[in-house]
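Visitor: With chain A held as given, fit chains B, C, D, E, F, G and H onto it using these hints.
Chains as they are written, first to last, in this note's numbering: chain A, 1 to 220; chain B, 1 to 220; chain C, 1 to 220; chain D, 1 to 220; chain E, 1 to 220; chain F, 1 to 220; chain G, 1 to 220; chain H, 1 to 220.
Because the hints were derived from the structure by calculation, they are not lab data.
Since the model is a prediction, treat every value here as computed from it, not as a measurement.
All C-beta atoms in this analysis are idealised placements derived from N, C-alpha and C, irrespective of residue type, glycine included.
Just so you know, not all the hints are guaranteed correct.
What the hints assert, rightly or not - 20 Å max Cα-Cα, derived PhoX-like pairs, lysine-lysine:
hint	chain 1	residue 1	chain 2	residue 2
1	D	Lys25	F	Lys48
2	H	Lys25	F	Lys25
3	B	Lys48	H	Lys25
4	E	Lys48	G	Lys25
5	A	Lys48	C	Lys48
6	A	Lys25	G	Lys25
7	C	Lys48	E	Lys48
8	B	Lys25	D	Lys25
9	A	Lys25	A	Lys53
To be verified - Beyond 12 Å from chain F on every Cβ pair, some chain H residues (computed):
hint	residue
10	Ala39
11	Phe66
12	Glu77
13	Ser81
14	Gln84
15	Gly93
16	Asp96
17	Asp133
18	Gly146
Stated by the list, open to error - Interface residues of chain H toward chain A, partial, derived using beta-carbon atoms under 7 Å:
hint	residue
19	Leu75
20	Val195
21	Val196
22	Met214
Number of protein chains: 8
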Amino acid sequence: MNTFHIDWDREGRLGFPEVIYGAGKSPEVLLELLASYVADDKNALITKLQAEKAPPLLRQYPDAFFDQESGIFLLREEELSAQQARIGIVAGGTSDLFVVNEIHYTLQYLGIRSERIVDVGVSGLHRLLSRLDHLKSFSVLIGVAGFEAALPTVLGGLLPQPIIAVPTSVGYGVGEGGKAALHALLASCANGITVVNIDNGYGAAIAAFRMLGMGNSESL
Amino acid sequence: MNTFHIDWDREGRLGFPEVIYGAGKSPEVLLELLASYVADDKNALITKLQAEKAPPLLRQYPDAFFDQESGIFLLREEELSAQQARIGIVAGGTSDLFVVNEIHYTLQYLGIRSERIVDVGVSGLHRLLSRLDHLKSFSVLIGVAGFEAALPTVLGGLLPQPIIAVPTSVGYGVGEGGKAALHALLASCANGITVVNIDNGYGAAIAAFRMLGMGNSESL
Amino acid sequence: MNTFHIDWDREGRLGFPEVIYGAGKSPEVLLELLASYVADDKNALITKLQAEKAPPLLRQYPDAFFDQESGIFLLREEELSAQQARIGIVAGGTSDLFVVNEIHYTLQYLGIRSERIVDVGVSGLHRLLSRLDHLKSFSVLIGVAGFEAALPTVLGGLLPQPIIAVPTSVGYGVGEGGKAALHALLASCANGITVVNIDNGYGAAIAAFRMLGMGNSESL
Amino acid sequence: MNTFHIDWDREGRLGFPEVIYGAGKSPEVLLELLASYVADDKNALITKLQAEKAPPLLRQYPDAFFDQESGIFLLREEELSAQQARIGIVAGGTSDLFVVNEIHYTLQYLGIRSERIVDVGVSGLHRLLSRLDHLKSFSVLIGVAGFEAALPTVLGGLLPQPIIAVPTSVGYGVGEGGKAALHALLASCANGITVVNIDNGYGAAIAAFRMLGMGNSESL
Amino acid sequence: MNTFHIDWDREGRLGFPEVIYGAGKSPEVLLELLASYVADDKNALITKLQAEKAPPLLRQYPDAFFDQESGIFLLREEELSAQQARIGIVAGGTSDLFVVNEIHYTLQYLGIRSERIVDVGVSGLHRLLSRLDHLKSFSVLIGVAGFEAALPTVLGGLLPQPIIAVPTSVGYGVGEGGKAALHALLASCANGITVVNIDNGYGAAIAAFRMLGMGNSESL
Amino acid sequence: MNTFHIDWDREGRLGFPEVIYGAGKSPEVLLELLASYVADDKNALITKLQAEKAPPLLRQYPDAFFDQESGIFLLREEELSAQQARIGIVAGGTSDLFVVNEIHYTLQYLGIRSERIVDVGVSGLHRLLSRLDHLKSFSVLIGVAGFEAALPTVLGGLLPQPIIAVPTSVGYGVGEGGKAALHALLASCANGITVVNIDNGYGAAIAAFRMLGMGNSESL
Amino acid sequence: MNTFHIDWDREGRLGFPEVIYGAGKSPEVLLELLASYVADDKNALITKLQAEKAPPLLRQYPDAFFDQESGIFLLREEELSAQQARIGIVAGGTSDLFVVNEIHYTLQYLGIRSERIVDVGVSGLHRLLSRLDHLKSFSVLIGVAGFEAALPTVLGGLLPQPIIAVPTSVGYGVGEGGKAALHALLASCANGITVVNIDNGYGAAIAAFRMLGMGNSESL
Amino acid sequence: MNTFHIDWDREGRLGFPEVIYGAGKSPEVLLELLASYVADDKNALITKLQAEKAPPLLRQYPDAFFDQESGIFLLREEELSAQQARIGIVAGGTSDLFVVNEIHYTLQYLGIRSERIVDVGVSGLHRLLSRLDHLKSFSVLIGVAGFEAALPTVLGGLLPQPIIAVPTSVGYGVGEGGKAALHALLASCANGITVVNIDNGYGAAIAAFRMLGMGNSESL
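The shape of chain A in the complex, shown without the other chains:
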């Protein structure tokens, strides 16, 4: 019917290329899209790829990288320079790892090193307080939290950097699907935390990328 019109311009315009949203696409469509990237000699990132759709892609591209936890698929893993991590990804527990990893690997695709700090939830505040100095060393903090999502609020009261909060769908009852976490983060008073959609690790990574661009690009 239609052929695909990939937005090749996007990298020039925005600094990051078009990525592929994997959730609603068949393996056939995905393979066709990947072929376009290969033909153009570009690396490709697929987000939210369901595990059962990965094998045909990995058979075609055996050197590709797939993270089971987050559903991130990378045509090839980028080699990061030995820079210090500029982004800290902070979470309260291993249940949020699927979002933490989506952020981590999207940043890697964009050439940015990040550090994952999990298990510093607010129900044991001392674990967080004892690491404040380390947390101060990042340019941007991304707080990932489900349930009542108090963690980014606490971070926002203690630390001066830009803080991007990612509510997750982890929870049950009123917490199911992440609405309670989302609303708590938006209602968090007075500290300049910004928020992205539930489970939107990819969006948080791009937002952090935009912020990093402020300092090191003259086009801004």
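Guide: Frame of chain A; chains B, C, D, E, F, G and H shown alone:
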């Protein structure tokens, strides 16, 4: 039409008398109800009395007590014995005072001394942390919070007592009306915090009263 | 990536240890966590463990206890002293058993005996009324209810103890997922019932534990 | 622009005439509509008439009846025969009187005597239980309830008649506007209670009228 | 743990026996409950029994009746006397058959004959208008409708009997789960339609049973 | 601060000029905007102008037209040619007049004659059925309905033209604010009705204008 | 029980025949319905047919057409005359193809040629802007969009035709199920876009068919 | 009762001082708070101050600044150095000015110059496209939008900077209160836009302040 059937038994059955919900009743109905209490030589508590309905009641009962902030009306203020406060009411800011006071005066009506500790919000965590020892001295803690309501979650991770959380309707946007605060408190993982309805300071006071009764009553 | 930071302090701080939320963790992660508890010679409690994830855990720990109904996993069943049950768990029907059992086994893990009283729903009120004396004998009552959740409201009008209400996700139509039950419990006027999240049996058990601690601990 | 097309047929078709919904109409429009009824020598019923719109109507029709509480306006009060009341209107408290009266006066307009029984809320169950025999004497029961609306559920478990439940907008927090009451009534399991819209006393009265028609009309 | 306390009194009190809600119970529990009914020589009705749970029950009770469409299970089909159908069940299409049948078989269990009239939706109004005389012959009408649920509103404007409306979960988008149908039915102005929960065919049948009882029972 | 940038191009691009949304603008801002239109010798339309903001505008432009009901303000009333009305605006009652008029006067501003047909609600279906031939004579029908909004669904089953449905905020309980009407209209199955926002009479008028343009414009 | 009453009149009345909603019907019912159409020598359209229900239908009617993507089943594909496409179906990405195709094949069944233009999403606006002239050539535009659904809003600001917007259920977090897209489309200010239910491609096609009928039928 | 504990540390910790949320505080409380700032020789910012509460504050501090539109109160207006504006605040219309100004004056309080660009809504896209070069010159863009909030999505597809989106409560029907705008912004796919609460101009300003701090502070 009907005459009122006040539940005079309640005090015997539950340990606390029937109180009057003031929001939807006219001054005429309220005066009629108060007269029943006076005839029975009982003190009476009206909750959520709108300020414009207080003057006719105060004209009839000049010694009564009315708190503008919370809409609590007491036929007479009970003299509390010089006991130590057993209930700590903790809030993040003065915006929540209307609920804090509803709790405070309901407890006073029930003969229980409480202490109000406001302005210890999580956006300045040190103010809370520096008072942990004092907070440990109460039998029951009641955390009052609007917006994202992170305060009771933080309390629950630091202190061992029963903690009753009261979400308030303070906030705007997704926080308007208190649903975000309520849901954050219910979704708060793993620490045995219990919750009452939005702005339900009265209910929190009764719940605390029930808990205090556990230790000092042989009928239990 | 990260190693786990279990909050070993929690028992000293709060009186109860950190438990493991089973729903979103893989068997591999759970086995790793259990190993930490074993290494520390501690009993462990996993909540909301899906049935299909139990076999690998039971193969590793053949003496562990797993309750199919509630998804509670205990590294070892605690021997309770021959005390009288201090907590009464009351429900209207067998459909709510998955929550009733989560409460029961969490309390057992904490060393507290409870009694389960099911099938006393409000549609046959005599069954409840005939057992009021027995219900009066508990220190704390936990009411578990789905659908319109009228049971805890009726309990609250008849009995003086602390009453913790647990709405359940049992129901359909407007009752689906438990929101109708939750809201009815929160809106229940005037009696000092407190509420936890939908299906949060674990939270209700911890809340009851906190209340029991009021009387028998001098640290309070 | 348009002239009004009153549905004069309705009485023949359904047994009850078209009534006037007062909330969104100006006094001018209402006076014009009333004139049509007078011209046709019919009694007229206006529902949900805001108090500030009644004076011009009462000036024009000094013998009309207006109930401040419910906003019911009747062109003339019908003389009821000395029949026994066939409909029992049951409520938990005086806060729901505005709906109780809307039912009562609508039934009076339809020529049916009803009895109002208020202050039998579930928080003092004995008041209800002691009147079961009286409640059994009605052909239809209408239960009016705000907050958690447990009353009609309790009635449904104890009494065999048709029970129409009217949730009211009385409440605050999650109970505000009556959604919690409505959902609790709809989710009420297993007893054949039927429900009308929040505050819809008029609808409940018409539904009861339809039920009474079953026995005494041969056209059915 | 607990033995079952079936509410055997209910039939004397309300005129209809306790039925079994099948959705959340295991086949083992259901078999145990059925045995109680058999031991008492009573017929039993299970509602909302998922198809996969029927075979073990049918193996044990080969003469029982199971309706795949509605999930109704009857220990034995009652022989109805050759009476005329007193209840008309009206629906707009075959998609709602699962609810239509739940009503039909529940009424059969209660000894009442009903007639099912489907495919008279409002998008082809003539099909409904041509059958008005037949519809007038029933004592009670039950309107079953998903999507926008306009059918019972149209019935209510044309026919004088009691009309019970059952919204169904048939629909998609904003109609998914039946909330749009439910709200449209509750908001339906001015005609005395009453409503039950989404998909609650059982409740509608019991409500109709209560109404039929008004005329032919002297206990009322 | 900023000067206004009115989208003067719009008329060339879309065939209709930019109009002024009156609800959130002060009289000062509105007067400034009107002056731009006058300077450009254009007629101007303000929608949703609150009655209290009209007097200063009418003082400045005494020949302007203001409709109290709908809040429509026209700098000058356009003289319509003696064409036959091409748009039929159909509503169930006078409560919806504020939206009916918003459509009518917006179309007048666009030079299109429309006819208002109110009081043909579905609770008296004969009034609608007797006017089908007249309704067939319009090019486009706009159905305006609050409460359960069954009217446009019935129209859609009987008439072949494009039907634009406008849900209104008229109603109470679940109908309050118009969500029930909106959802019923969107869920209306199978007949190609299209919907605009609640109370959006202006949008419906523009949509009808777009449809009329299909036939008589060669640029399409 | 009942035999089917297909609304054969509909084509005469509305210009399009009754179609079959496939989602909730069993293959047996569907085959029975198809047989009625064949007996009447009519083509039949089934919408939203789940893939697993297609094989038995295709075995019976091997020449039928089934589109896996959209679940559209046509008894026979209509031969369209070599007309120019009059309807443009515009979407932002391949994820919305299931709705795009439902529109396309429904229009084909109605004898109308349409053109599908996908991958012109607003995140790369130049792709849309470069095709404005082509888009102007259609009589009606149908915009299909999930997530934030900004595309039809942008179309509405640039193009003069009737624009029907179809929100899709594509998205996650707050976008899950399509409510965010639906609300954004309804709230889209000032441009006369009309909206159908989420994923309701069929309804959009019928609405477009009604619009096309305005010009070429004298009965209108 | 309690004296105020202002979080004087905040400036050292986060770089910006504690501000006063004006909405729920009485003029007496506000005056008391302002006195603390004056005593400490600090400038103070009050947000969301209702117009009727400003006069007593202005009487006490005649040199203070109050913006009627946004409810911003500044003890004294800071003199900004003649720097170029680093923040661009972009909106579609004057209805959003109350939020635009809250951002502008908060930034001024923090010593940062911003530029307000309003009336570039997406319904006239050319106005936005013609100013892309100017928009590229800012370090951070803040997009303010009500209704369907498509503007920040369009910005995100065209420009590379950090983009903070502020949904506003401007709209009606489904757009009332700003939920539709909020959800559309959160669901906006793939471009790294971050979002704050509805009408939270203050939060957006602080978030921008945090981002600016990344480049020019060595403590980060």
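Visitor: State for each hint whether it applies.
Guide: Evaluated hints:
1. D:Lys25 x F:Lys48: Within the cut-off at roughly 18 Å; holds.
2. H:Lys25 x F:Lys25: violated (27 Å)
3. B:Lys48 x H:Lys25: It holds: about 18 Å lies between the C-alpha atoms, which stays within 20 Å.
4. E:Lys48 x G:Lys25: holds (18 Å)
5. A:Lys48 x C:Lys48: Violated: Lys48 of chain A and Lys48 of chain C sit about 25 Å apart, past 20 Å.
6. A:Lys25 x G:Lys25: Cα-Cα ~27 Å, so violated.
7. C:Lys48 x E:Lys48: Not OK: Lys48 of chain C and Lys48 of chain E at ~25 Å, beyond 20 Å, violated.
8. B:Lys25 x D:Lys25: This hinted pair is violated, its Cα atoms lying about 27 Å apart.
9. A:Lys25 x A:Lys53: The given pair, whose Cα atoms are some 9 Å apart, holds under the 20 Å limit.
10. Ala39: It holds; Ala39 of chain H is separated from chain F by about 34 Å at its closest Cβ, greater than 12 Å.
11. Phe66: holds (16 Å)
12. Glu77: The assertion about Glu77 of chain H holds, with a minimum of 15 Å to chain F.
13. Ser81: holds (20 Å)
14. Gln84: holds (17 Å)
15. Gly93: violated (8 Å)
16. Asp96: violated (8 Å)
17. Asp133: At about 17 Å from chain F, Asp133 of chain H clears the 12 Å cut-off, so the statement holds.
18. Gly146: For Gly146 of chain H, whose nearest Cβ neighbour in chain F is about 9 Å away, the distance does not exceed 12 Å, so it is violated.
19. Leu75: violated (18 Å)
20. Val195: holds (5 Å)
21. Val196: With Cβ-Cβ at 6 Å, under 7 Å, it holds.
22. Met214: holds (6 Å)
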